[in-house]
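Undergrad: Protein chains in written order, with the numbering used here: chain A, 1 to 268; chain B, 1 to 268.
The hints are simulated quantities; they were obtained by calculation from the structure and are not laboratory data.
All of these numbers come straight from a predicted model, not from anything done at the bench.
Check before you lean on any hint, since a few could be wrong.
Any copy, or any two copies together, can satisfy a pair, since identical chains are not distinguished.
Stated by the list, open to error - The calculated lysine to any residue pairs, modelled on SDA-like cross-linking and capped at a C-alpha distance of 25 Å, are: (1) LYS68 / PRO26; (2) LYS68 / ILE30; (3) LYS68 / ARG83; (4) LYS68 / GLY27; (5) LYS68 / ARG84; (6) LYS68 / ARG169; (7) LYS68 / ARG19; (8) LYS68 / ARG97; (9) LYS68 / ARG235; (10) LYS68 / ASN164.
Protein chains: 2
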Amino acid sequence: MPAMSLRGATEVRPVGDGRFEADIHPGWDIMGNANGGYLLAMVARAAAVTASKPDPVSVTGHFLAPGKPGPVTIVTDLVRTGRRFSTVTATMSTADRPMLTMVGSFADLGIGGGDDPVERHVTGPPHLPPPEDCVAVEPTETFPPPFVANVDLRIHPDDVPFVNGPTGRMVIRGWFRLPGDEPVDPFGLILAADAFPPSIFNGDLPVAWTPTLELTVHVRTRPSDAWYAVVVSTRFVTGGFLEEDAEVWDRSGRLVAQGRQLALVPTG
Amino acid sequence: MPAMSLRGATEVRPVGDGRFEADIHPGWDIMGNANGGYLLAMVARAAAVTASKPDPVSVTGHFLAPGKPGPVTIVTDLVRTGRRFSTVTATMSTADRPMLTMVGSFADLGIGGGDDPVERHVTGPPHLPPPEDCVAVEPTETFPPPFVANVDLRIHPDDVPFVNGPTGRMVIRGWFRLPGDEPVDPFGLILAADAFPPSIFNGDLPVAWTPTLELTVHVRTRPSDAWYAVVVSTRFVTGGFLEEDAEVWDRSGRLVAQGRQLALVPTG
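Given the sequences, and given the hints that come with them, work out the whole structure.
TA: Structure representation (structure tokens):
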């Protein structure tokens with residue numbers, strides 16, 4: 001299946017009263033379930049319309065049921081309109097049941113903050129060879145999943161869990177781009193924060209899948225590059241849960257987005 | 001003002017149809033605005049009733065207006081009931097306006113996960129002298145704020161920004177306890193994740209306050225200690241925002257909760 005643009009695949013159609021119609025497109029799935037970042041980007045796009053602000057600043061989605069291809073409805077509710085931030089809740093549902101519920105604050109990231117009078121990065125971007133020297137992730141029927149046909153992922157040669165086996169270090173570094181050089185907007189950063197294989201696959205633990213309970217993405221600035229350096233990592237597997245953190249960096253060495261998700265650790 | 005129990009200060013009274021009445025109590029404020037973790041704990045307590053599950057697993061609050069002492073209403077909405085998790089949205093409002101909106105998933109953390117067949121901690125708890133050798137944080141009219149009378153905070157002697165000046169390292173390590181040995185339940189962990197002074201106060205940057213836009217707390221397990229070791233840290237100050245991460249550890253060296261907030265960096 002040829003790559004579909006993220007913009008096309010997350011299109012939402014307002015039908016009045018804060019309601020939107022949309023479609024979960026085929027090909028964005030992992031083992032039959034749509035990628036969480038893709039779904040959250042779609043819901044955030046609808047919520048931004050209701051917020052009357054262009055950019056997601058902080059969005060959190062709770063995943064309630066697997067996303068299968070087909071029509072969905074997104075119901076948004078404007079909780080507060082502010083001068084700088086507006087906050088919206090939204091729920092995406094099929095005809096049968098709710099699938100994803102979100103809370104997010106939206107702003108115009110083109111206004112203010114751009115001068116960065118106070119700026120500090122304690123740690124820097126991941127060390128990565130250029131994209132052409134990394135390992136391109138090609139889709140298969142199972143793993144890597146069909147979803148990766150819609151993103152251009154290049155993984156650091158040292159971090160590829162499905163080539164040489166787990167590294168023992170729960171970190172995956174790589175490059176993210178949208179195919180066909182589609183510009184990455186802030187909604188694309190939501191996808192970038194959830195596009196890589198789970199870093200626990202490098203952890204030498206008996207974990208084959210990690211369903212996401214909740215994903216939060218913070219967008220710091222409007223992106224302007226084609227390629228983004230991403231690092232995903234897990235530090236704590238305990239209580240039947242793990243967190244996966246994502247950092248998304250532009251090529252100037254600036255953090256543009258951060259993600260954190262809480263996932264389940266199914267065993268047995 | 002004597003310390004008030006967290007349980008008393010976050011009491012919520014159901015009035016039917018998923019609505020609750022509650023009070024923001026005086027003395028929980030920082031420069032006149034109630035602590036965000038305190039408010040989120042209160043909203044989560046109401047949401048857990050609606051979820052019919054005892055424990056918050058992942059809760060996210062967006063802060064819409066400062067919390068002043070006085071009566072509030074919390075309106076909750078059950079988005080999904082599941083066997084293991086139930087998901088609720090909730091908004092706390094004064095008579096005038098919404099103050100805090102939340103999405104959270106709730107479970108019974110006493111069921112499952114407790115055996116931890118898969119467990120990994122990549123990093124450990126913060127290195128801390130015993131509580132009696134740390135610096136007790138005493139409330140003042142300004143900073144440290146009145147709020148700290150309601151929590152027992154002991155900061156690592158090397159990390160106290162308001163004694164020797166900023167350390168230059170945006171990290172604060174310390175112990176957290178509720179006064180009078182009130183047991184810390186999972187709602188108390190929400191407070192613990194937002195109780196310490198902002199780590200940016202150790203950053204030698206011209207930032208005097210950091211209003212929180214959003215706070216997410218993950219609770220991994222039901223706590224059972226009196227004292228918890230906490231580390232708060234900031235790595236990225238950029239785009240006019242900073243993240244503050246919190247880890248809450250029990251005395252057996254197990255991570256019990258994680259927090260991340262997105263805060264504004266006001267300048268000028």
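Undergrad: Run every hint past the structure and note whether it holds.
TA: How the hints compare with the structure:
Taking identical chains as interchangeable, the C-alpha atoms of LYS68 and PRO26 lie at most 25 Å apart only when both belong to the same chain, with a minimum of 8 Å there against 49 Å between chains. Taking the shortest alpha-carbon separations for LYS68 and ILE30, only the intra-copy value of 10 Å comes in at or below 25 Å, while the best inter-copy value is 46 Å. Within a single copy, LYS68 and ARG83 get their C-alpha atoms only as close as 37 Å, which misses the 25 Å cut-off; across copies the closest is 21 Å, which meets it. With identical chains, the CA atoms of LYS68 and GLY27 are at most 25 Å apart within one copy only, with a shortest distance of 10 Å there and 49 Å across copies.
Within a single copy, LYS68 and ARG84 get their C-alpha atoms only as close as 35 Å, which misses the 25 Å cut-off; across copies the closest is 21 Å, which meets it. In this homomeric assembly, LYS68 and ARG169 never come within 25 Å of each other (Cα to Cα): the closest approach is 32 Å inside a single copy and 46 Å across copies. Taking the closest pair of Cα atoms, LYS68 and ARG19 come within 25 Å of each other only inside a single copy of the chain (20 Å); across copies the shortest separation is 34 Å, beyond that limit. Proximity of LYS68 and ARG97 under a CA criterion of 25 Å is satisfied intra-copy only: 12 Å inside one chain copy versus 38 Å between copies.
In this assembly of identical chains, the alpha carbons of LYS68 and ARG235 never lie at most 25 Å apart, being 31 Å within a copy and 37 Å across copies at closest. When the C-alpha separation of LYS68 and ASN164 is checked against a cutoff of 25 Å, the pair qualifies neither within a copy, at 32 Å, nor between copies, at 57 Å.
Violated hints for the displayed structure, listed by number in ascending order: 6, 9, 10.
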